[in-house]
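Protein sequences, first through last, are from chains A and B. Just so we're aligned, residue 1 is where the first sequence starts under full-length UniProt numbering, counting upward by one. Just so we're aligned, residue 1 is where the second sequence starts under full-length UniProt numbering, counting upward by one.
Everything labelled a hint here was simulated from the structure, so no lab data went into it. Here the structure is a predicted model, which is why all the values come from computation and not from measurement. Treat the hints with care, as some may be off.
Just so you know, same-sequence chains aren't split out, so a pair can sit in one copy or run between any two.
[Said to hold, decoys possible] Keeping only pairs whose Cα atoms sit at most 20 angstroms apart, straight-line, the calculated EDC-like set for lysine to aspartate or glutamate is:
| id | residue 1 | residue 2 |
| --- | --- | --- |
| 1 | K22 | D39 |
| 2 | K61 | D98 |
| 3 | K61 | E123 |
| 4 | K22 | D132 |
| 5 | K22 | D135 |
| 6 | K105 | E115 |
2 protein chains.
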Amino acid sequence: MIESLNRLRRLGRMTAPTSPTKAQLLELVAALGTAQWQDFSASAARHGLTGVQAKLLAHLKGPMPMRGLATMLVCDASNVTGIVDRLEARGLVRREPDPSDRRVKNVVATDEGHETIRRVRAEMQATHTALDALDAEERTALYGLLERLRDGLRPGA
Amino acid sequence: MIESLNRLRRLGRMTAPTSPTKAQLLELVAALGTAQWQDFSASAARHGLTGVQAKLLAHLKGPMPMRGLATMLVCDASNVTGIVDRLEARGLVRREPDPSDRRVKNVVATDEGHETIRRVRAEMQATHTALDALDAEERTALYGLLERLRDGLRPGA
DNA sequence: TATTGTTATACTCTATAACTATA
DNA sequence: TATAGTTATAGAGTATAACAATA
Numbered sequence: 001m002i003e004s005l006n007r008l009r010r011l012g013r014m015t016a017p018t019s020p021t022k023a024q025l026l027e028l029v030a031a032l033g034t035a036q037w038q039d040f041s042a043s044a045a046r047h048g049l050t051g052v053q054a055k056l057l058a059h060l061k062g063p064m065p066m067r068g069l070a071t072m073l074v075c076d077a078s079n080v081t082g083i084v085d086r087l088e089a090r091g092l093v094r095r096e097p098d099p100s101d102r103r104v105k106n107v108v109a110t111d112e113g114h115e116t117i118r119r120v121r122a123e124m125q126a127t128h129t130a131l132d133a134l135d136a137e138e139r140t141a142l143y144g145l146l147e148r149l150r151d152g153l154r155p156g157a
Numbered sequence: 001m002i003e004s005l006n007r008l009r010r011l012g013r014m015t016a017p018t019s020p021t022k023a024q025l026l027e028l029v030a031a032l033g034t035a036q037w038q039d040f041s042a043s044a045a046r047h048g049l050t051g052v053q054a055k056l057l058a059h060l061k062g063p064m065p066m067r068g069l070a071t072m073l074v075c076d077a078s079n080v081t082g083i084v085d086r087l088e089a090r091g092l093v094r095r096e097p098d099p100s101d102r103r104v105k106n107v108v109a110t111d112e113g114h115e116t117i118r119r120v121r122a123e124m125q126a127t128h129t130a131l132d133a134l135d136a137e138e139r140t141a142l143y144g145l146l147e148r149l150r151d152g153l154r155p156g157a
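The task is simple: from the sequences and hints, build the whole structure.
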């Protein structure tokens, strides 16, 4: 237990001999965010998807109204029409009428849609080896820290 | 020392009672990356900049050739022309000839460019309070971990 | 009246290909 | 020949404003 914490500390000490400032930490978070998005987009592109299309598909666990997708993507609802149009044209999602509100259209992933995003996810996991060195306790600590960072960035999330 | 490590661990325990899987960690890294970019873009927009424009300006510490900017932004060189055009039209950057290679144009931030990006950075720091709770040792550990994550995402970086 | 989804429009970012001027 | 920067072009994402259908 103490050993895993010491290891956690050693991981930090390895590359940052002096204590980083808040500005340096924010810069690194930005670099990590950029790297994450670029890798995800590149992986998506290998499967014929744009980054945004893959992101929508990845969040589509069940039927979701267009409006909900706009909220998830943090963009105007009018944009979702085009994004879903292109995914639907490729047979990766379907639009279904909502039984309880005829204004609403629910978007659902097709089998091919599920399969495609599954491959993108698998590819991401395969190329991310940095996390494999962490044991269960270290992952827990890291998860909590990242969660706090994210909540700090988006208080409402 | 041990106390700060325990605190680090407690921070993790707080919101993740069970050990997260690699998939869950990657999903959280993605969410953090998205949140980071959206906050940065929103801050940039408040100062009349797009996210990419602000990113270019933020990395422009000294004179940089167009080619170097393309490498930094991880995009084709042809895109940089337009991005710099728009920044230059607003008086935030200048193009200067390179003395040693007449093919090269070096981009430099104007005083107004520096001032604008300084305000964006200040705004980001002000809204990111999550890091303030960490002491020097915790920041060091976190920095090292984030660095490892980033390097795992982009082995070449 | 308010909300959902869509259309029309304009702008930015993106890659590709072709061009020029230099090296 | 190769490289730096640009132009032209087409596609995708973005916000704004207006609209029809429904609540």
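To see whether the hints hold, each was checked on the structure:
For a Cα distance limit of 20 angstroms, the shortest separation of K22 from D39 across copies, 16 angstroms, qualifies, whereas the shortest one inside one copy, 26 angstroms, does not. When the C-alpha separation of K61 and D98 is checked against a cutoff of 20 angstroms, the pair qualifies only within one copy, where the shortest distance is 17 angstroms, while the shortest distance between copies is 53 angstroms. Proximity of K61 and E123 under a CA criterion of 20 angstroms is satisfied intra-copy only: 19 angstroms inside one chain copy versus 35 angstroms between copies. Taking the closest pair of Cα atoms, K22 and D132 come within 20 angstroms of each other only across two copies (8 angstroms); inside a single copy the shortest separation is 27 angstroms, beyond that limit.
Taking CA atoms no more than 20 angstroms apart as the test, K22 paired with D135 passes between copies only; the shortest distance there is 10 angstroms, against 27 angstroms inside one copy. Neither within a single protomer nor between protomers do K105 and E115 lie at most 20 angstroms apart by alpha-carbon distance, with minima of 23 angstroms and 46 angstroms respectively.
In summary, the one numbered hint that this structure violates is 6.
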